[in-house]
Amino acid sequence: MFRFTVEEALRKGTLVFYFAVASFILVLFALGIGRLPNDPDMVALFGSPLARKSLHDFNVVEFILIMLHQQSVGAILLFGIFGIAGLIPSMLEKGTIDLFLSKPLARAELLMARALGAVTGVAINLIYFFIGIWIIFGIKLEVWHWGFLSSVIYVVFAFFCYYSVVAIVGLITRSTGFSILLAFMFSIISWGLELREKGLYRLWDNIVYHRLLDGLYYLTPQLNAMIDNSTLVVGRHPFIPGQAEFVITPFICSFFSTCLIYALSIWYFSRQDY
Amino acid sequence: MEIIQTYELTKYYRSGLFNRKNIQALEKVSLTINEGEIFGLLGPNGAGKTTFVKLVLSIALPTSGKAKVFGLDIGTTALKENCGYLPENHRYPSFLSAANTLKFFGRLNGIPNSELNGKVSSLLELVGLKDWAKIKTKKFSKGMMQRLGLAQALINDPKLLFLDEPTDGVDPIGRKEIRDLLLELKAKGVTIFLNSHLLSEVEMICDRVAILNKGRVVRIGTINELTAHKLIYTIQLSAPISDVIKERLRSSLLRADFYDNKVIVELRDTSELNFIIDLLRNDGIGIESMTQQKTSLEEYFIQLVKGEKEN
Numbered sequence: 028m029f030r031f032t033v034e035e036a037l038r039k040g041t042l043v044f045y046f047a048v049a050s051f052i053l054v055l056f057a058l059g060i061g062r063l064p065n066d067p068d069m070v071a072l073f074g075s076p077l078a079r080k081s082l083h084d085f086n087v088v089e090f091i092l093i094m095l096h097q098q099s100v101g102a103i104l105l106f107g108i109f110g111i112a113g114l115i116p117s118m119l120e121k122g123t124i125d126l127f128l129s130k131p132l133a134r135a136e137l138l139m140a141r142a143l144g145a146v147t148g149v150a151i152n153l154i155y156f157f158i159g160i161w162i163i164f165g166i167k168l169e170v171w172h173w174g175f176l177s178s179v180i181y182v183v184f185a186f187f188c189y190y191s192v193v194a195i196v197g198l199i200t201r202s203t204g205f206s207i208l209l210a211f212m213f214s215i216i217s218w219g220l221e222l223r224e225k226g227l228y229r230l231w232d233n234i235v236y237h238r239l240l241d242g243l244y245y246l247t248p249q250l251n252a253m254i255d256n257s258t259l260v261v262g263r264h265p266f267i268p269g270q271a272e273f274v275i276t277p278f279i280c281s282f283f284s285t286c287l288i289y290a291l292s293i294w295y296f297s298r299q300d301y
Numbered sequence: 005m006e007i008i009q010t011y012e013l014t015k016y017y018r019s020g021l022f023n024r025k026n027i028q029a030l031e032k033v034s035l036t037i038n039e040g041e042i043f044g045l046l047g048p049n050g051a052g053k054t055t056f057v058k059l060v061l062s063i064a065l066p067t068s069g070k071a072k073v074f075g076l077d078i079g080t081t082a083l084k085e086n087c088g089y090l091p092e093n094h095r096y097p098s099f100l101s102a103a104n105t106l107k108f109f110g111r112l113n114g115i116p117n118s119e120l121n122g123k124v125s126s127l128l129e130l131v132g133l134k135d136w137a138k139i140k141t142k143k144f145s146k147g148m149m150q151r152l153g154l155a156q157a158l159i160n161d162p163k164l165l166f167l168d169e170p171t172d173g174v175d176p177i178g179r180k181e182i183r184d185l186l187l188e189l190k191a192k193g194v195t196i197f198l199n200s201h202l203l204s205e206v207e208m209i210c211d212r213v214a215i216l217n218k219g220r221v222v223r224i225g226t227i228n229e230l231t232a233h234k235l236i237y238t239i240q241l242s243a244p245i246s247d248v249i250k251e252r253l254r255s256s257l258l259r260a261d262f263y264d265n266k267v268i269v270e271l272r273d274t275s276e277l278n279f280i281i282d283l284l285r286n287d288g289i290g291i292e293s294m295t296q297q298k299t300s301l302e303e304y305f306i307q308l309v310k311g312e313k314e315n
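Chains Y and L supply the protein sequences, listed in that same order. To convert, take the position in the first sequence, counting from 1, and add 27; that gives my numbering. To convert, take the position in the second sequence, counting from 1, and add 4; that gives my numbering.
Okay, chain Y solo, but in the shape it has when bound (with noise of 0.2 Å):
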């Protein structure tokens, strides 16, 4: 079931779609960036002089990576959530589920083996991208970036932590549709609840309802938290002062979330009829 939902997500036209655009990028890149000759310390993209590649704190090959990093991943929660939110409501259709739970499968492997399938399509797309992206970079610029390299698993497991949302609402609506809505609400959510203390905090000084809050975002994926976390792997943003530290925090809390997540569509997954 589980190279079976791998072959069927990297099948859906998004992600096709993803992997063009990610080559295109790759191309791009392969054939543009590059040092000039008689300055080996410029970075030029098609012979035009970008910058320095350090520059006093300013360093334009992270620059440039935390911009991919941002970019795709901003494209991949967008695609990948569009091309896979169907795949738990097409394994409920009639004719399906009856096929698949006739066989000796446990309900939870079925579940687990096309959520962890479906993330794995999207997480094939990512890979592809990253370490293509790092040997270029690697290649022509001698910039070996390990941190760009190992944020791919950050945004991987985020992306993981994520479609426990869409899996679930899928299971129970077991519509396409409202699984990509909820999960678009979800990410809004998701950034609302991250910065509580500066906006839904102020919309009513209680503090039940500040409590109800944090409580929402500690049992839900921090999924604004893990991207800016994986982007802090790769550096600091140049142009945003006052950047945390990066943390292991949100990506523990949301491991936690994310199993009970799975655990609750499992529990409801094994008592419905089909």
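A portion of the hints provided could be inaccurate.
[As the list claims (entries may be wrong)] Residues from chain L that face chain Y, not an exhaustive set, calculated with beta carbons under 8 Å:
| id | residue |
| --- | --- |
| 1 | L65 |
| 2 | K84 |
| 3 | C87 |
| 4 | D172 |
| 5 | G173 |
Don't read these hints as lab results, they were simulated from the structure. Glycine residues also receive a C-beta, built at the ideal position from the N, C-alpha and C atoms.
Given the coordinates of chain Y, assemble chain L onto it according to the supplied hints.
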């Protein structure tokens, strides 16, 4: 040996989001299906035939009652290792070819890759899809999908096969091939559980049938037991009967209709057959044949379901 045993299996589906209603699908269904038989489950639409199979295979969960398959409680994953299932309106991933579809379901059944290739090609040949092995299933007609579905259900060499409308959309030649295949499987000891609307087919291959109506079993028995329920006999004679004998038969039996060398009689019980034979032989009339008249399964089914409706 009993392969499936159900004890008062009951299923109510809940419908409605706010005003929840219980819809009865099965009501205290107790059935026993023996090893090596072809068992037919008949019933009008919504009678609960598919629900029964779904409960046995744990695709749906019973509201109450118990069931055992191969002596294991339903819900045990291991029992499915020996089951094959062809559901109604089954769907296969459209991006897979026929051969890859079978390989995929073979893997779900835990069949090692080394065994799969040979098994897949022999099954595709068996169901007449050998030349379509590499064609994607999205190009398949309904009948071809049924054939592929049958191959899928047989991928793990099941000891128990559940078929829900297996000949739906299949042409007459294909139906005959499927019937022959089922009889071949039966000869190998496979137990077959068949849900079908095509009563003529059920009549041809099933050893026993149960008729479900509104979630309840209303009749169960062999085809003969169900269709030969009236004691109506056709007696072919060597010569016409005299008026005196005609009158005696009319006055003694429930019904007696006379045609040249033939008489059709309806009896109260089989002991009256001896009376008829003695009467005719004493009058010097030879009996060439005596056959019990049967209603077709379809006629019986319609009468039964109509009767239930009126009651």
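When the least beta-carbon distance from D172 (chain L) to chain Y is tested against 8 Å, hint result: Constraint on D172 (chain L) not satisfied, violated at 12 Å.
Per the CB criterion, is G173 (chain L) less than 8 Å away from chain Y? Violated, because the Cβ-Cβ distance from G173 (chain L) to chain Y comes to roughly 14 Å (cut-off 8 Å).
When the nearest CB of chain Y is found for C87 (chain L), is that gap smaller than 8 Å? With a closest approach of 7 Å, the C87 (chain L) hint holds.
Do the numbers back the hint for L65 (chain L), that is, is its least Cβ distance to chain Y under 8 Å? holds (6 Å)
Let's test the interface hint: is any C-beta of chain Y closer than 8 Å to that of K84 (chain L)? holds (4 Å)
Violated hints for the displayed structure, listed by number in ascending order: 4, 5.
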